Amino acid sequence: MKDWVVEQGLRAGDRLPGEAELIDRFGMSKGTVREAMRILKAQGLIRTRTGPGGGNFVHEVSRERARALLGNYFYFQNLTIDDIYQLRRVLEPELAATLAGHVPEDVLARLEANLAAYALPAATPEEERAQHVASLRFHAILAEQSGNPLLGFVIDFMVKLLSDLTVYRRLYEPQNLELWKQGLDHHRRLILALRSGDSTAARSTMADHMEMACTLMRAQEAIMEHRFLSD
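Residue numbers for the sequence shown follow UniProt numbering, beginning at 1 and rising by one.
Take the hints with a grain of salt, since some may be wrong.
Simulated restraints on C-beta separations [what the hints assert, rightly or not]:
| hint | residue 1 | residue 2 | range |
| --- | --- | --- | --- |
| 1 | Asp14 | Asp198 | 43 to 49 Å |
| 2 | Ala222 | Arg89 | 15 to 21 Å |
| 3 | Glu7 | Pro52 | 25 to 31 Å |
| 4 | Arg63 | Arg188 | 23 to 29 Å |
| 5 | Leu115 | Pro52 | 47 to 53 Å |
| 6 | Val5 | Arg63 | 16 to 22 Å |
| 7 | Arg63 | Ile223 | 30 to 36 Å |
| 8 | Arg11 | Ala109 | 29 to 35 Å |
| 9 | Asp198 | Glu21 | 55 to 61 Å |
| 10 | Tyr75 | His102 | 33 to 39 Å |
Derived from the structure by calculation, the hints contain no laboratory data.
The structure presented is a predicted model; accordingly, all values stated were derived computationally and were not measured.
Every residue, glycine too, gets a C-beta built ideally from N, C-alpha and C.
Kindly generate the complete structure, drawing on both the sequences and the hints.
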């Protein structure tokens, strides 16, 4: 059925044939067609509307749904900081380099506004947690700008994984002023490089940022693991 949707050039929002027509078209039993429709609904590829004008319609899986479904798999993989940064160190400097000089001014303004959420050191653990999440949002905003949908999705997905990991493993404790200070400085320098179109500076700044963040977050992870074992 998915192949047929592609062959017919159907797009999100287009109506699918009724059950009787699907049975006839694919030469399958009613039970088989209904099970196929159930699976496609679970995958988020079709949706059903009731009432006048209702029926089954092609549905585009949102980035949020795809990210959530994939995240369910990695939830049980016991990912570490090193696992995530092994990819981030490779992908994000190249993303920054390709975006230099091509980020719209309104997006640069969003990045600058995002900096305000962690412009000053956190005063409480709750503020520290919020600042960690906000600083990762900076990278999610950049990922949205990628002209490569696969690259953008992978980076956005890693950012979400790291954000969730930071929160539920409490990696924002204890407060790390060096991580805050260097992270803020790197983000400011990245905005300057992106605005000026300096791809070399954008790549090197992001690479430095990834190395710094990996080292310091790894230390946070070790501290929390030690606390857990001690407890």
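Each hint, compared with the structure:
{"no.": "1", "hint": "Asp14 x Asp198: 43 to 49 Å", "in the structure": "holds (45 Å)"}
{"no.": "2", "hint": "Ala222 x Arg89: 15 to 21 Å", "in the structure": "holds (19 Å)"}
{"no.": "3", "hint": "Glu7 x Pro52: 25 to 31 Å", "in the structure": "holds (29 Å)"}
{"no.": "4", "hint": "Arg63 x Arg188: 23 to 29 Å", "in the structure": "holds (28 Å)"}
{"no.": "5", "hint": "Leu115 x Pro52: 47 to 53 Å", "in the structure": "holds (50 Å)"}
{"no.": "6", "hint": "Val5 x Arg63: 16 to 22 Å", "in the structure": "holds (20 Å)"}
{"no.": "7", "hint": "Arg63 x Ile223: 30 to 36 Å", "in the structure": "holds (33 Å)"}
{"no.": "8", "hint": "Arg11 x Ala109: 29 to 35 Å", "in the structure": "holds (33 Å)"}
{"no.": "9", "hint": "Asp198 x Glu21: 55 to 61 Å", "in the structure": "holds (58 Å)"}
{"no.": "10", "hint": "Tyr75 x His102: 33 to 39 Å", "in the structure": "holds (35 Å)"}
Taken one by one, the earlier hints all hold for this structure without exception.
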